[in-house]
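Given the coordinates of chain F, work out where chain R should sit on it, guided by the hints.
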Amino acid sequence: MTAASISATPTRRVPAGRLAVYAIVLAIGLCLAFAPFLFTDVRAAEVAARICIFIVLVASYDLLIGYTGIVSFAHTMFFGLGAYGAAIALKAWGPGWDAILLGGGAGVVAALVLAVLIGLLSLRVKAIFFAMVTLAAASVMLVLASQLSDITGGEDGFTYQAPRLFSPAFKLFEDADGKVLRLFDVALNGKVAAYYFVFLSSLVLFLLMLRIVASPMGTVLEAIRENEMRAEAIGYKVVAYRTAIFCIAAVIAATIGVVRAVWLKYTGPEVALSFHIMIDILLMVVIGGMGTIVGAVIGVVVMSLAQFYLKDLMEVAAEATAGIPLLPDLLNPDRWLLWLGVLFILLVYFFPAGIAGTLMNKGSAR
Amino acid sequence: MSGAILRLDDVHTDIGQYHILHGISLNVPEGGVHVLLGRNGAGKTTTLRTVMGLWRARKGAIVFRHHDITAMPTPDIARLGIAYVPENMGIFGGLTVEENMRLASTTGRFDDERLGRIFALFPAIEKFWTSQASGLSGGQKQMLAIARAIVERRELILIDEPTKGLAPAIIRAMIGAFREIATETTILLVEQNFLFARSLGRGVAVIDDGRIVHHGDMAALASDEALQTRLLSLSLAEHQ
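Same order as they appear, the protein sequences are chains F and R.
My numbering puts the first sequence at residues 1 to 366.
My numbering puts the second sequence at residues 1001 to 1240.
One or more of the hints may lead you astray.
Claimed, not checked - Here are the computed lysine to aspartate or glutamate pairs in the EDC-like style, where the Cα-Cα straight-line distance is at most 20 Å:
id, chain 1, residue 1, chain 2, residue 2
1, F, LYS311, F, ASP329
2, F, LYS237, R, ASP1076
3, F, LYS237, R, GLU1152
4, R, LYS1059, R, ASP1209
5, F, LYS237, R, GLU1099
Source of the hints: derived by calculation from the structure; they are not laboratory data.
Just chain F, with the same shape it has in the complex:
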């Protein structure tokens, strides 16, 4: 038997469900790539940037919970470290790239150091204890951010300026009259530059994660998730691999935290550290599908669109059903959280392995 015949042995048929997932993700990717030209209002730009950032945040969390079976509540802590690092430097030194690089870099390094410490100290204990340790660490960080108000702005957080390149007044390109150049009726100003800064950073980090899970390391992580002892018995140091992926996920979360700080020009506990974000991340991973990475894209889009637009949709629906008894009351926009809950239950019921996870299993040849 030769290598040629090995590679020629039964070729893997790509199941239809998997193709559907890739098509959906590609469509979302294209929408995000051209978002400034497709959706021109200010809110849409905010939603699109948030989606980009959360895709990275959720996918990096999936590396832990989905790929390796590590339950951590400290993911927003790493995200916050990056964000606060960049934000504090931008506030102290003014809006320059050096502030972003040095401050953000310091935040990322702090995240890495903390991840190594938490990982080495506690990844050898049972999952539940590890989860508790991360919960405690995240709580301490939240208290610190609110107590050290001279530096962090306390509960209110603080605002600062981003580099001039990202200010709406900045002209990326000028026309003959010295006015900002417009493409498809969209002014090519600093806001567009800021969005593409977010989009491209997210894209690079996302591709990096896809590369990691496709590498031999990804296979080892899956093996560890399935059975630690078996992985050890064939020669893999489980604690080393777990610590490594915990650090990688922390660094990615901190890096996207830096991006978030630059985009928002505001950093505070609510947008960078709070447990609300952690819960959002968990919901998005579950809705998208754990252990798929691409599921993050779908989970984040579904949740974000629901969070931002469900109210609007219900308002329209309530008006449309104005003549019918009871329905307008049920569809009152104030009840949007109820419907979000219903939506979540339906998603979990019909897609038990998450949207991407369930679709990918459909039609797969066993």
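Only chain R this time, still in chain F's reference frame:
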């Protein structure tokens, strides 16, 4: 005994509050298949797991070639060249057959010539190369577990009851495979199926109640029915 690849010297192992191994002393000579026989619960599996470091010996020494592996972490023991095929096969069901095989290769690559020989021994491995391992039948899973253990040349393979629950035809095929594997590797085999053990084993040790109660040549045990009855009584009669 000279030329021993693995030596256990007065090994005591506890599992929780239970004292399972009461001073196992065993020499496994280099080359061929050596069988560990014994009743259910005698301590055969515990012996293998203690060698792999999956249970820790409380007392005694385990020496593999010149390495004292008594307190060595499991991954390091595996990297010394000891493969372990547990009773439940120990494959990763969520991964493909190929990924399972690749995991066991220290370089992440396959030696084509070797892989060809593995495919010849176990055609199912080639047939289901890209399938998920959870979809394999029991016999195929067992073949994958053994194929994985020989993806590279190992010094010693510990195999726990490979024939358990398998059809006689598959067991016969496995005898041939084991003979071939034993030409380059030492195998320490835990087995309850005496017919299978007898057709393969060179040396044999019998464990009872956490102690070695007999060791010697398989041929001698196979021809001495009185000894068989004394050592293995019920379990042997069942299989004959």
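Hint-by-hint comparison with the structure:
1. Of the pairs offered as hints, the one joining LYS311 of chain F and ASP329 of chain F holds, with about 13 Å between alpha carbons and a cut-off of 20 Å not exceeded.
2. Only pairs whose Cα atoms come within 20 Å are accepted, and LYS237 of chain F paired with ASP1076 of chain R is accepted, the gap being roughly 8 Å.
3. The hinted pair formed by LYS237 of chain F and GLU1152 of chain R meets the criterion: a straight-line CA distance of about 19 Å does not exceed 20 Å.
4. A distance of roughly 17 Å separates the Cα atoms of LYS1059 of chain R and ASP1209 of chain R; the hinted pair therefore holds under the 20 Å criterion.
5. Proposed proximity of LYS237 of chain F and GLU1099 of chain R is supported: the alpha carbons are some 18 Å apart, at most 20 Å.
When the structure is compared with the earlier hints, no violation turns up for any of them.
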